[in-house]
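Protein chains: 2
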Amino acid sequence: MAVYTDVADEELEAFLEPYGLGTLLSYKGIAEGVENSNFMLHTDKGIFFLTLYEKRVAANDLPYFLGLMDHLAAKGIACPVPLRDRNGVMLGELAGRPAALISYLEGVSVRRPQPRHCAAVGRALAEFHLAGRDFGMVRKNALSVAGWRPLFEASRARADEVMTGLGGELQNELDLLEREWPSALPQGVIHADAFPDNVFFIGEKFSGIFDFYFACNDALAYDLAICLNAWCFEHDAAFNITKARALLQAYNEVRPLNADELAALPLLARGSAVRFLLTRLYDWLNRQPGALVTPKNPVEYIRRLRFHRGVTSPAGYGLDI
Amino acid sequence: MAVYTDVADEELEAFLEPYGLGTLLSYKGIAEGVENSNFMLHTDKGIFFLTLYEKRVAANDLPYFLGLMDHLAAKGIACPVPLRDRNGVMLGELAGRPAALISYLEGVSVRRPQPRHCAAVGRALAEFHLAGRDFGMVRKNALSVAGWRPLFEASRARADEVMTGLGGELQNELDLLEREWPSALPQGVIHADAFPDNVFFIGEKFSGIFDFYFACNDALAYDLAICLNAWCFEHDAAFNITKARALLQAYNEVRPLNADELAALPLLARGSAVRFLLTRLYDWLNRQPGALVTPKNPVEYIRRLRFHRGVTSPAGYGLDI
Numbered sequence: 001m002a003v004y005t006d007v008a009d010e011e012l013e014a015f016l017e018p019y020g021l022g023t024l025l026s027y028k029g030i031a032e033g034v035e036n037s038n039f040m041l042h043t044d045k046g047i048f049f050l051t052l053y054e055k056r057v058a059a060n061d062l063p064y065f066l067g068l069m070d071h072l073a074a075k076g077i078a079c080p081v082p083l084r085d086r087n088g089v090m091l092g093e094l095a096g097r098p099a100a101l102i103s104y105l106e107g108v109s110v111r112r113p114q115p116r117h118c119a120a121v122g123r124a125l126a127e128f129h130l131a132g133r134d135f136g137m138v139r140k141n142a143l144s145v146a147g148w149r150p151l152f153e154a155s156r157a158r159a160d161e162v163m164t165g166l167g168g169e170l171q172n173e174l175d176l177l178e179r180e181w182p183s184a185l186p187q188g189v190i191h192a193d194a195f196p197d198n199v200f201f202i203g204e205k206f207s208g209i210f211d212f213y214f215a216c217n218d219a220l221a222y223d224l225a226i227c228l229n230a231w232c233f234e235h236d237a238a239f240n241i242t243k244a245r246a247l248l249q250a251y252n253e254v255r256p257l258n259a260d261e262l263a264a265l266p267l268l269a270r271g272s273a274v275r276f277l278l279t280r281l282y283d284w285l286n287r288q289p290g291a292l293v294t295p296k297n298p299v300e301y302i303r304r305l306r307f308h309r310g311v312t313s314p315a316g317y318g319l320d321i
Numbered sequence: 322m323a324v325y326t327d328v329a330d331e332e333l334e335a336f337l338e339p340y341g342l343g344t345l346l347s348y349k350g351i352a353e354g355v356e357n358s359n360f361m362l363h364t365d366k367g368i369f370f371l372t373l374y375e376k377r378v379a380a381n382d383l384p385y386f387l388g389l390m391d392h393l394a395a396k397g398i399a400c401p402v403p404l405r406d407r408n409g410v411m412l413g414e415l416a417g418r419p420a421a422l423i424s425y426l427e428g429v430s431v432r433r434p435q436p437r438h439c440a441a442v443g444r445a446l447a448e449f450h451l452a453g454r455d456f457g458m459v460r461k462n463a464l465s466v467a468g469w470r471p472l473f474e475a476s477r478a479r480a481d482e483v484m485t486g487l488g489g490e491l492q493n494e495l496d497l498l499e500r501e502w503p504s505a506l507p508q509g510v511i512h513a514d515a516f517p518d519n520v521f522f523i524g525e526k527f528s529g530i531f532d533f534y535f536a537c538n539d540a541l542a543y544d545l546a547i548c549l550n551a552w553c554f555e556h557d558a559a560f561n562i563t564k565a566r567a568l569l570q571a572y573n574e575v576r577p578l579n580a581d582e583l584a585a586l587p588l589l590a591r592g593s594a595v596r597f598l599l600t601r602l603y604d605w606l607n608r609q610p611g612a613l614v615t616p617k618n619p620v621e622y623i624r625r626l627r628f629h630r631g632v633t634s635p636a637g638y639g640l641d642i
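Chains as they are written, first to last, in the numbering used here: chain A, 1 to 321; chain B, 322 to 642.
Derived by calculation from the structure, the hints in this document are not laboratory data.
Any given hint might turn out to be false.
As the list claims (entries may be wrong) - Listed below are the simulated PhoX-like cross-link pairs for lysine-lysine, each with C-alpha atoms no more than 20 Å apart in a straight line:
{"no.": "1", "chain 1": "A", "residue 1": "K28", "chain 2": "B", "residue 2": "K461"}
{"no.": "2", "chain 1": "B", "residue 1": "K526", "chain 2": "A", "residue 2": "K205"}
{"no.": "3", "chain 1": "B", "residue 1": "K366", "chain 2": "A", "residue 2": "K205"}
{"no.": "4", "chain 1": "A", "residue 1": "K45", "chain 2": "A", "residue 2": "K28"}
{"no.": "5", "chain 1": "B", "residue 1": "K366", "chain 2": "A", "residue 2": "K45"}
{"no.": "6", "chain 1": "B", "residue 1": "K396", "chain 2": "A", "residue 2": "K45"}
{"no.": "7", "chain 1": "A", "residue 1": "K28", "chain 2": "B", "residue 2": "K526"}
{"no.": "8", "chain 1": "B", "residue 1": "K366", "chain 2": "B", "residue 2": "K349"}
Stated by the list, open to error - Chain B is nowhere near these chain A residues, computed Cβ spacing over 12 Å in every case:
{"no.": "9", "residue": "T23"}
{"no.": "10", "residue": "G29"}
{"no.": "11", "residue": "V108"}
{"no.": "12", "residue": "V299"}
Small disclaimer: the values here were computed from a predicted structure and weren't measured.
Note that beta-carbon positions come from the ideal geometry of N, C-alpha and C, so glycine has one too.
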């Protein structure tokens, strides 16, 4: 949660002027997102979202993220869309930061996803992958297999503080992932962070997907493996095969997985568990005492990783396709 | 800025049900307020504000605060109003905290108030004082003259860390304030914290006053003295007599000040400067390294205090009434 940058009323009104949104009625800093400062604006034209990009988001990547949202929305994906000012520009500057005005996406994140939510996210992810096929820009996934070793090295010496034997277990896992990571799976734009807090529902109905600031080009099935980890384990880290089946079947109906993708799922899921384990481990070991943001405990990803190690075929995820 | 309490979607929907606000479309934690957790809700009936009262607000005081808002709104004061559930109750419970749903007040706080803003707040404060006359509940001002000595004692030993001689200066000032503090001025409900961030404008127009969580019964002119400190000094702590004149004249047109109140203004303004100096001094000396909320520097209140010490009549504030 964060609002890192304070925005003054006069500055904001000057920034808004070229967007033609009418009178500013109110704005509030939003306590969400750990990378950027977010504000909710109300003008006499409606509710809008304002994001100021802080240092952790590379300014060079912003045209990719904003261009992707624009592209996806044009293809009918339910997601926030950057507004263009009267010169057609999506990216401005406010309080010394790159800033964008974005349409307001209604919806509520589900805290305890049910199988029907998993099915909805599976469908949405497949539609996202299809819609991204003709997006013209490319961004490398800095948090894929090549990025894990350096992340591990930054935490290795203290990994066992979190769990005895964790350093060795990760070492072996990385050796295997680097050796066996598939390179010939269908590629495209992936969301790379489609966790329940980045997906909205209104009542029972899927209303949209957002937070594209990890989006990149990578294997499409890897995105699905991320969702397996993000949506199909209970709060006690127990795997829920009913949810996994709902997720994968719904995805497969919209974008059928090929045989290589199906066979690779357990390995991709192990890689995805390692990816979130490593970033959480780093944040956990480097947490500041007294900071308002409590880093998430990495342990639940060790449990996920061990679960996927025991899966030998898609049937382990409830699939019989 | 704060959201201390996390609220789950299902819990929130259950809480909202008895208010009959329709479908929940979205809710966001708001990064403002340091005492409570605040959320902005959007339902198909409109935008609403949800406050969860954290430990620093005494639960016993909530009926006073909510009752006051309800009373003021009924009298036509532009301020947020607590909603009543289907049983007519304003105070509920959510996530283990007392919680209230409150109407959403549109508006923007001005960062650099101009004389016209000061006039508007003067009028609004006088109207607030008149509207509060027949409010039936009473709350003592814990931060008036009797509360200052204990606050000072808590910081005294380290006061000179902020400014050499500050401890002695405050000691002398408190001796004088305790001796000369007026007790026979007209009393009533005061806001006690009507700073620019608790007053909204839309464009040039005053749109409302809010944050009644310091409201209490005390001398009405003391509230005006707080506004002198809050609205009539520049960011470099220089006094702006044009703003003070605008504030006081506008107040006086709605609720004429009597001779005792006029004569007491410089002393009340000294007391008000000491009150904010003492709470800021305490927060400053007890700040946590690395905390997201940076306490405000108390030094600007020493400058205000010294200014008021040199004022010998209301003419020093631009008044010739």
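Hints versus structure:
1. Simply put, A/K28 and B/K461 have alpha-carbon atoms about 32 Å apart, too far for the 20 Å limit, and the pair is violated.
2. A hinted pair counts as satisfied when its Cα atoms are at most 20 Å apart, and B/K526 with A/K205 does not qualify at roughly 40 Å.
3. Note on B/K366 and A/K205: the hinted pairing holds, with a Cα-Cα distance of about 19 Å set against a maximum of 20 Å.
4. Simply put, A/K45 and A/K28 have alpha-carbon atoms about 17 Å apart, close enough for the 20 Å limit, and the pair holds.
5. For the proposed pair B/K366 and A/K45, the alpha carbon gap of about 17 Å is at most 20 Å, so the pair holds.
6. Pair hint B/K396 plus A/K45 does not hold up; C-alpha atoms about 30 Å apart against a cutoff of 20 Å.
7. Distance hint between A/K28 and B/K526 is fulfilled; the C-alpha atoms sit about 19 Å from each other, no more than 20 Å.
8. As the CA atoms of B/K366 and B/K349 are separated by approximately 17 Å, the hinted pair is consistent with the 20 Å bound.
9. Distance check for A/T23 against chain B: the nearest CB is about 6 Å away, which does not clear 12 Å, and the non-interface claim fails.
10. For A/G29, the shortest C-beta to C-beta distance to chain B comes to about 4 Å, within the 12 Å cut-off, and the non-interface label is violated.
11. For A/V108, the non-interface assignment is contradicted: its Cβ lies about 5 Å from the closest Cβ of chain B, within the 12 Å cut-off.
12. Consistency note on A/V299: stated as away from chain B, and its beta-carbon is indeed over 12 Å from all of that chain's, at 20 Å minimum.
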